[in-house]
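Enquirer: Please model the entire structure based on the sequences and the hints provided.
As they're listed, the protein sequences go chains A and B.
Converting from the first sequence to the numbering used here requires adding 179 to each position, the first position being numbered 1.
Converting from the second sequence to the numbering used here requires adding 179 to each position, the first position being numbered 1.
No lab work stands behind these hints, which were simulated from the structure alone.
There's no promise every hint is true.
[Unchecked claim] Residues from chain A shown here face chain B by an in silico Cβ test under 10 Å; the list is partial:
#1 Ser276
#2 Tyr291
#3 Ser411
#4 Arg452
#5 Gly453
#6 Phe470
[Claimed, not checked] Quick list of simulated restraints, FRET-style, between CB atoms:
#7 B:Arg325 - A:Pro195: 17 to 23 Å
#8 A:Leu499 - B:Gly270: 35 to 41 Å
#9 B:Ala502 - A:Ser194: 28 to 34 Å
#10 A:Glu428 - B:His511: 47 to 53 Å
#11 B:Met180 - A:Pro342: 20 to 26 Å
#12 B:Glu286 - A:Ala522: 50 to 56 Å
#13 A:Glu286 - B:His511: 32 to 38 Å
#14 A:Leu499 - B:Glu390: 45 to 51 Å
#15 A:Ala318 - B:Gly367: 56 to 62 Å
#16 A:Ser194 - B:Arg325: 25 to 31 Å
#17 B:Glu513 - A:Asp404: 42 to 48 Å
#18 B:Pro503 - A:Glu314: 40 to 46 Å
#19 A:Ala317 - B:Ala209: 52 to 58 Å
Note that the structure is predicted; figures quoted are calculated from it, not measured.
Ideal placement from N, C-alpha and C gives every residue a C-beta, glycine not left out.
Read off the chains here:
Number of protein chains: 2
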Amino acid sequence: MTATLADVAARAQVSPATVSRVLNGNYPVAAATRERVLRAVDELDYVLNGPASSLAAATSDLVGILVNDIADPFFGIMAGAAQAAIGEERGAREKLSVICNTGGSPERELTYLTLLQRQRAAAVILTGGALEDPEHAAAVGAKLARLADAGTRIVLCGRPPLPGDSVTATLAFDNRGGSRRLTDHVIGLGHRRIGYVAGPPERTTTRHRLEGHRSALAAAGLRQDGLVVHGSYDRRSGYDATLELLRREPELTAVVAANDTVALGACAALRDRGLCVPGDVSVAGFVDLPFSADAVPALTTVRLPLSEAGARAGRLALGLEPAPPGGIATVHGELMVRGSTGAVRAGG
Amino acid sequence: MTATLADVAARAQVSPATVSRVLNGNYPVAAATRERVLRAVDELDYVLNGPASSLAAATSDLVGILVNDIADPFFGIMAGAAQAAIGEERGAREKLSVICNTGGSPERELTYLTLLQRQRAAAVILTGGALEDPEHAAAVGAKLARLADAGTRIVLCGRPPLPGDSVTATLAFDNRGGSRRLTDHVIGLGHRRIGYVAGPPERTTTRHRLEGHRSALAAAGLRQDGLVVHGSYDRRSGYDATLELLRREPELTAVVAANDTVALGACAALRDRGLCVPGDVSVAGFVDLPFSADAVPALTTVRLPLSEAGARAGRLALGLEPAPPGGIATVHGELMVRGSTGAVRAGG
DNA sequence: CGCCCTGTAGAAAGCGCTTACTATCCCCCT
DNA sequence: AGGGGGATAGTAAGCGCTTTCTACAGGGCG
Numbered sequence: 180m181t182a183t184l185a186d187v188a189a190r191a192q193v194s195p196a197t198v199s200r201v202l203n204g205n206y207p208v209a210a211a212t213r214e215r216v217l218r219a220v221d222e223l224d225y226v227l228n229g230p231a232s233s234l235a236a237a238t239s240d241l242v243g244i245l246v247n248d249i250a251d252p253f254f255g256i257m258a259g260a261a262q263a264a265i266g267e268e269r270g271a272r273e274k275l276s277v278i279c280n281t282g283g284s285p286e287r288e289l290t291y292l293t294l295l296q297r298q299r300a301a302a303v304i305l306t307g308g309a310l311e312d313p314e315h316a317a318a319v320g321a322k323l324a325r326l327a328d329a330g331t332r333i334v335l336c337g338r339p340p341l342p343g344d345s346v347t348a349t350l351a352f353d354n355r356g357g358s359r360r361l362t363d364h365v366i367g368l369g370h371r372r373i374g375y376v377a378g379p380p381e382r383t384t385t386r387h388r389l390e391g392h393r394s395a396l397a398a399a400g401l402r403q404d405g406l407v408v409h410g411s412y413d414r415r416s417g418y419d420a421t422l423e424l425l426r427r428e429p430e431l432t433a434v435v436a437a438n439d440t441v442a443l444g445a446c447a448a449l450r451d452r453g454l455c456v457p458g459d460v461s462v463a464g465f466v467d468l469p470f471s472a473d474a475v476p477a478l479t480t481v482r483l484p485l486s487e488a489g490a491r492a493g494r495l496a497l498g499l500e501p502a503p504p505g506g507i508a509t510v511h512g513e514l515m516v517r518g519s520t521g522a523v524r525a526g527g
Numbered sequence: 180m181t182a183t184l185a186d187v188a189a190r191a192q193v194s195p196a197t198v199s200r201v202l203n204g205n206y207p208v209a210a211a212t213r214e215r216v217l218r219a220v221d222e223l224d225y226v227l228n229g230p231a232s233s234l235a236a237a238t239s240d241l242v243g244i245l246v247n248d249i250a251d252p253f254f255g256i257m258a259g260a261a262q263a264a265i266g267e268e269r270g271a272r273e274k275l276s277v278i279c280n281t282g283g284s285p286e287r288e289l290t291y292l293t294l295l296q297r298q299r300a301a302a303v304i305l306t307g308g309a310l311e312d313p314e315h316a317a318a319v320g321a322k323l324a325r326l327a328d329a330g331t332r333i334v335l336c337g338r339p340p341l342p343g344d345s346v347t348a349t350l351a352f353d354n355r356g357g358s359r360r361l362t363d364h365v366i367g368l369g370h371r372r373i374g375y376v377a378g379p380p381e382r383t384t385t386r387h388r389l390e391g392h393r394s395a396l397a398a399a400g401l402r403q404d405g406l407v408v409h410g411s412y413d414r415r416s417g418y419d420a421t422l423e424l425l426r427r428e429p430e431l432t433a434v435v436a437a438n439d440t441v442a443l444g445a446c447a448a449l450r451d452r453g454l455c456v457p458g459d460v461s462v463a464g465f466v467d468l469p470f471s472a473d474a475v476p477a478l479t480t481v482r483l484p485l486s487e488a489g490a491r492a493g494r495l496a497l498g499l500e501p502a503p504p505g506g507i508a509t510v511h512g513e514l515m516v517r518g519s520t521g522a523v524r525a526g527g
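Expert: This is the structure:
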């Protein structure tokens, strides 16, 4: 059978309490004794019984990271950075950080939250935009409140703030502002017929980015609600939506996309229609994923610091970093002007 | 405070044992009693204490899924499918399946294994190729043996079989065979100067695919070890390696890549050099990721059933599906001939 | 010279659940 | 009518830790 604390204690000729104290490093133990205990641990190949430990201490070593779509690098990068940050923190007892993929399903989101609650997780990180559905938002809010009650730290990363005080810290992306600056840039290049490929309408991210876009249009005195097409956050969707935009407005000179993946789909559609980027039509994305700078032409986009945000979320979840004042930090994007946007063509 | 089993029992006017039995559904309980218990659970918003349960029952609800690089869709798809399959199985008590990203680091791999061992995980799924390093392989083998001893189910998905009997089931991709057929196809199109962009030398996947490629060359009486360049599994790497191949053999007419992402990088490099795919140079990939069929031209590749394999791994981890005879199932890839490969150009 | 304080270690009481084992109850069969 | 047995439910003994409280030793101080 697997060795237990008592076995280690017997071998090291100390009491179980002492072994526990050595392992947790939260109580003074004489150097010689510690030495002896560690040797016994090693010799028996002892691994702490997590459930027993969690039961007794009423907290666990689990940190859950919820993502909407693990196949999307947007989430992969944030989650990976959070996990790396948590793994780097080699305290007496390393936390086990784990990624849970909801696939964008509200039910799965709640199920994972419940499952993490059952495991008495030490912390939960929610990444990416929330769903607009108020009923679901309320359910999540209630769940988070119960988690917080039980001592679980809650961190939102790239997600809009939640009312109530159950959230430990929120890192909110400034989607509106970034989007505003992006479209301002496009307008500044002289474009007037600007199509927008939006994300799925049920996500907050979609709305915020769209609002930023619209505010830029409004500031320039442009009104063109007809040039917005909704889709999902994938390439195919960007491709299809762009064809639709072209149908609605053949004289289009710019396409602003909800994210980089969609923007790449837009580029493909334009190319297939015989249009040059940016010669005929400029294209802009959002997020700045790794491939965006490598694309041909390199994509103009708004860089969101995903790694940094993920890592910070990880540290916040561990309580290694104080929460920002008010519990909320707004993370701003940086406009990256690259080759995919250019001045409007003559007569455009 | 959070409600406990005893609270529920008191409210439902039954003993704690009965509540436990209702919750676990592994013992007959009269319908009326069950009803009463469930109502109490609901009213108190009771959530089982996982650690306590795991301690008493000596098994936990955790299933760990280890991946090398979560940002790579190859892993994202397998892990996502496994997680979905596990989430679908709504037994009395749903398992919590979680993804752990090792980032390809041997230390992280072992650390996660230890952490999962500490949590007394019910199962562990290891995805993707293993490291060639025999020392590390031995360490992993030993770790898995201890996990298996403790009752943890071990499933390998897309990973070569491991000696010893600690592994519950292995789903091994036929990388050699698939690769062989792919290069056979390219040779069949008349190509003779064929470059190969291999993956990182330290992974078994790389070696197996390369072996398949070489066996096809050998069968055709071709010897060209000089036309193999190693890199990592990303786009950039495919781009750089292709330029290198072109330097070594300007008369190249085909490039076979270790995977689709790399193949796309190869296409970009060729395009930047003014070469047409497949007009001047044919390109082939491996795996068949979602974007591969959409690419222009659509990528010829070997389709690995990632979703199916991931889902099956999930079911095997739960013990819902009997292990294949001998514990090992070879999963074959299907050659997908698409637009990126064509007959060799005249005089090529 | 006795006392208290500091540093170190042990004893033991749970943490909240699961699960033998035991106890009823009631129905049916002989 | 008595006994056997199936269907339910309760009792209580842990599971392997953590942690409070207690114990003891040694040393500085009054």
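Enquirer: Is the interface hint for Arg452 (chain A) satisfied, with its Cβ closer than 10 Å to some Cβ of chain B?
Expert: violated (12 Å)
Enquirer: Hint says 17 to 23 Å; check whether the CB-CB distance for Arg325 (chain B) and Pro195 (chain A) agrees.
Expert: holds (22 Å)
Enquirer: Mind checking the hinted window 25 to 31 Å against the Cβ distance between Ser194 (chain A) and Arg325 (chain B)?
Expert: Taking Cβ atoms as reference, Ser194 (chain A) and Arg325 (chain B) lie about 26 Å apart, which means the hint holds.
Enquirer: With 10 Å as the cut and Cβ atoms as the points, is Phe470 (chain A) at the interface with chain B?
Expert: Hint on Phe470 (chain A): holds, closest Cβ of chain B at ~6 Å, below 10 Å.
Enquirer: CB of Glu286 (chain B) to CB of Ala522 (chain A), is that within 50 to 56 Å?
Expert: holds (51 Å)
Enquirer: Using the C-beta atoms of Glu286 (chain A) and His511 (chain B), is the stated range 32 to 38 Å upheld?
Expert: holds (35 Å)
Enquirer: Take a look at whether the Cβ-Cβ distance between Pro503 (chain B) and Glu314 (chain A) falls inside 40 to 46 Å.
Expert: At roughly 44 Å between Cβ atoms, Glu314 (chain A) and Pro503 (chain B) fall inside 40 to 46 Å, so the hint holds.
Enquirer: Do the Cβ positions of Ala502 (chain B) and Ser194 (chain A) conform to the proposed distance bound of 28 to 34 Å?
Expert: violated (44 Å)
Enquirer: Given Ser411 (chain A) as an interface hint, is its Cβ closer than 10 Å to any Cβ of chain B?
Expert: violated (13 Å)
Enquirer: Is the distance from the Cβ of Ala318 (chain A) to the Cβ of Gly367 (chain B) consistent with 56 to 62 Å?
Expert: Because 57 Å falls inside the window, the suggested range holds.
Enquirer: The hint says 45 to 51 Å between Leu499 (chain A) and Glu390 (chain B); measuring C-beta to C-beta, is that right?
Expert: holds (46 Å)
Enquirer: Determine whether the Cβ-Cβ distance between Met180 (chain B) and Pro342 (chain A) falls within the hinted range of 20 to 26 Å.
Expert: holds (24 Å)
Hint violations for this structure: numbers 3, 4, 5, 9 and 19, all remaining hints satisfied.
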